[in-house]
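A.B. asks: Following the hints, complete the assembly by docking chain B onto the known chain A.
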Amino acid sequence: MARAKKRGMSEVAKKEERLALLMLLPSFFVIVVIAIYPLFTVFRDSLTNKIFASNQPVEFVGLSNYAQLLSVTIKELPPVIDETTGQQAIDDKSGEPVYERAITVLPREPQRFREVSQFSLLGKRYVIGATERDFIRAIVDTLIFTVVSVVLETLLGLIIALVVNSNFRGRGFMRASMLVPWAIITVVSARMWQWMLGPTRTGLVNVVLQIVGIGDGQIAFLRMSEYQLPAIIAVDVWKTTPFMALLLLAGLQLIPNDLYKAAAVDGANKVRQFFAITLPLLRPAIAVALVFRTLDALRVFDVFQVMLSRTRYSMASFAQDQLIQYQNAGISSAASVFIFLLIFVFALLYIRMLGVEAE
Amino acid sequence: MGKKFLVWCLVAVLVVGFAVPVAYAQEGEGEPVTLRLLSGAVGQELELTKAAAARYMAANPNITVEVFDTPDAVQDRLGVYLQYFETKSSEADLYQIDVIWPGDLAEHLIDLYQYEGAQEQAAENFPAIIENNTVGGKLVGMPWFTDAGLLYYRTDLLKKYGYDAPPGTWAELEEMAMKIQDGERAAGNEDFWGYVWQGNAYEGLTCDALEWIDSSGGGTIISPDKVITINNTNAVAAVDRAAAWVGKISPAGVTGFQEEDARNMWQAGNAAFMRNWPYCYSLGNADDSVVKGKFDVAPLPAGAEGGHGAATLGGWQVAVSKYSKNPEEAAKLALFMTSAGEQKTRAIEGSFNPTIMFLYNDAEVCDASPFMCKLYDVFTGAVARPSTATAPKYNEVSTAFFQAVHSVLTGDNDGQTALEELELDLAGITGFETGAPTME
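Residue numbers (numbering that gives the first Met the number 0), protein chains in the order written: chain A, 0 to 358; chain B, 0 to 439.
If you're looking for bench data, these hints aren't it; they were derived computationally from the structure.
For clarity, every value in this text was computed on a predicted model and none was experimentally measured.
Be aware that one or more of the hints could be misleading.
Label pairs and their in silico Cβ distance ranges [claimed, not checked]:
| # | chain 1 | residue 1 | chain 2 | residue 2 | range |
| --- | --- | --- | --- | --- | --- |
| 1 | A | Arg100 | B | Asp71 | 34 to 44 Å |
| 2 | A | Leu348 | B | Lys49 | 48 to 58 Å |
| 3 | A | Leu348 | B | Lys2 | 43 to 53 Å |
| 4 | A | Met22 | B | Lys49 | 47 to 57 Å |
| 5 | B | Lys293 | A | Ala88 | 50 to 60 Å |
| 6 | B | Ala426 | A | Val60 | 20 to 30 Å |
For every residue, glycine included, the Cβ atom is placed at its ideal position computed from N, Cα and C.
For reference, chain B alone in the conformation it holds in the complex:
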């Protein structure tokens, strides 16, 4: 009898021993409050976010802010977020979300308009971004910084080879890149390439390719009024032209480059031109950079003389999860991180473009990053990816697009076939009609 009783006790202990720690692993409520923010870690992002969190904690002693980094590649980051949302986890309170995600993620995020100060702060931001972040009347993300693709160029090399201005068209860029590359190789730097950009099969390629296509009059893949415009001669020509760069003025491995790969090559002094986001500006002028003081930024080239270059709109927002245990405190933190003071600090220290309009007239911001004020029109006129028109299927649309473009870049396909197949794919994913791009 005693032995049997002991055995049942043992069984009960073993079973309960699994269940109890799991139950207690969840956080209890009450002061003090811990907030967790999932932040990007590209370039200086993480340090700047942690510094901002430290400032908030100093001003609010009962709040602890933990900042976690997330994968660099945008789609990997989305994967991490989706795993949290699938389990309705309260482990993370604030998320740094991309400009293309409000539509897809709106069902998991709270409406910031319900919290004090949000309306006023939203009014200070670029209206286009606020509109992008508003889904069904709810403001699901407060803009943190905006981004647009820029052309970085080496001022010293342009002067050395007799050019007095950055290229205005893609043809000019090819010619300049080729000449500088030949010259530098002959002078002994066999690792020098003319133009580096992002050619890996990921969201960044959608950004680069959209710029080639829009600047050549090829439209924006899917127009805002839901027409598939990608299959046209200008778009085919633009993609074929980019494919011709691979191995000629860009390394063969550019088909595997993401932002940091391009920046590493550029910052080591091995490229004449680079297409990248504004964050590379302050990193390029850091003390350990080979190109410190030797470069500047310009708008990306146009397809033809008299045309306009295109810059893809990027940018990130701060959103609060609906499953957070402290939504009010989290919303306050979100509003602090995106406030004018914090955006100014980020602009000066990290060259992250503010989303608050009056900061572009601030003398200190313009001193630290002159290109921000000089290229104001580029940022306000940036071309948006068709995320709103295609929500909630933007991810599929973008994947189909960048895989089609990537197959042309690697030589597995020609531009015509790839874009024709892409048009069929997009029609299958979205159900939209096809048509010609409208000329602006």
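Pulled out of the complex, with its shape left as it was, chain A reads as follows:
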């Protein structure tokens, strides 16, 4: 054990070890204050019914906050039978079969379940209900956002890194200027994009699309459900691709040029070289970039908060909204703990999948 080994260490080494521990004390103290203590208070608050900015007494409620956040149910929607024909009624306007409304089927005690979405399976129609509908939708939206934005950012980042890695005039300038989107503070660029995505012809995107022939200049990107996520993802890809490109560029520069020369001599074309040499050797850099971006994307807050405000939430902006607008510190803390655990799971998965070894 360590002690036995230490007896074999010299006096000097032991002294240095003690010195090292003492030097670490202030940093450890800082970490406890800044990280461990707040984390602990969030865990503790998630088990209570604390009200933010109020002097009401705090009670321990166990896991009921988590139950409220994550309760989901699936109920079947019975078809509406047309009395005259004895068959299922058909809606006149849309031609679709008519089912009972979800509000009549979803349970109301002890908490009301709200409709999240409907789906059809094997000829029957089902509705998914949740007690905290906004949070369930936030989880889905955040996951979609994460997957799509990370895939796009990695692909585009790789392309940009490959281009900027090659030798051409103005390469230094290109490398510097490609970082500009990443350098602008997210809140500022989100506000900028909010103005550009403005719903009337005061918005640049609307004007450009109208000139090109798409739309009439009145598309409300940030308020129509089908356009909201694509708009947010586009903004985030614009902002973060340079970061990915930078990380991948660093990885590319570590690949020795001789390998390419040798491959060319052996008769491999560029495509073959890419898949056989570049990609495998780039794997650690891709792994690092993916881990960074996925964990960041799961915690996305600013773009949702600034551009969509309270019409659509990400997990983090939902937690903030619960805390500030509803003063519900218990639910907000439970949501934060959920985000924490989700990110923890993703981090573990990545480290396993990508075979990153600890030395």
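C.D. replies: Showing chain B alone in chain A's frame:
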């Protein structure tokens, strides 16, 4: 031995080095006094508040007043305030609070009645507002200005298209807006829209929607005697009617508009009608405004012939935080900012409606903003949001309401389903009974 001693000193210095600056960051007491006021910054608010603060500082040389601006959106502003209250911070002394907040925030505010001159000044104000601001016998906010939703209309365009009066019903407004919009578009202004209002999912939508519903006989969401009245046919019809405006006489993006977005469109001359608060009057007549001299204000339309339009009661008060280090000086400043002289200046320079009754008979006020005296009844008869009946859960109630209405405006839901679900939501939040709205 010496080395170890030095190491311990180093550790102590590093630890203490964090603690000491934090301790000294707090303000010590004593003359001179600094007071911090958190003020709104919509339109001209901030400049007027700073000018008032300058006047107070000139008269009281030992007091320094710092005015800070806060987010425009009402709920974001509440978020900032709550963060101060959560930490019981003495960093801010005076807060500009909304007419719907006295119930929720009373536990953090001082009773102004305990300070000299407050009783007399309160008596000069509209009794309804003073009552709204009194929680458990404590006056937690001195009224600063009152607000009610108004219909702004373009006098030149009404004349051009052959109308001699502003619309009296929503149906008339739709017809007039459509005709003017078609005409102006044909004349070349493709950015012109008939009617702009506030349709974003925020407290302002609660105000607009309450006006549609109350003017159509649909009640006031929750009645003052704690009955949930929102789910009725008139209310459903009112919300569905507003949803039909989106994309037709109002831009599709009106579902993202707040006060300043609507005002920007209006002031650029791109709207025939606008629903907004009185502060847009003086801004609209400023030299850089395209619509200077070309508009007037009227009460909002009624649901049907012979009915009455509804205007949501707004307005802001000045409150003093219980955690302030100088409550007496802060209370004096609050009473000064809301005094008759200051309210008159605000009325003339910024068209902010006074809360002091005798100012509505003042010739100078009526000259600068004729609509204030002309529409006196609109301001005294404004419909209040159910903040008192639902305190301390008004925020949740309002959020449920505006999210339901917003889902109808964006087409995600129809009026019937949305209001039915809203009724269930409100019953869950408040525990009140449901019932029919009383006819007035």
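A.B. asks: All hints are to be evaluated individually against the structure, with a verdict given for each.
C.D. replies: Checked hints:
| no. | hint | result |
| --- | --- | --- |
| 1 | A:Arg100 - B:Asp71: 34 to 44 Å | holds, 38 Å |
| 2 | A:Leu348 - B:Lys49: 48 to 58 Å | holds, 55 Å |
| 3 | A:Leu348 - B:Lys2: 43 to 53 Å | holds, 47 Å |
| 4 | A:Met22 - B:Lys49: 47 to 57 Å | holds, 50 Å |
| 5 | B:Lys293 - A:Ala88: 50 to 60 Å | holds, 54 Å |
| 6 | B:Ala426 - A:Val60: 20 to 30 Å | holds, 22 Å |
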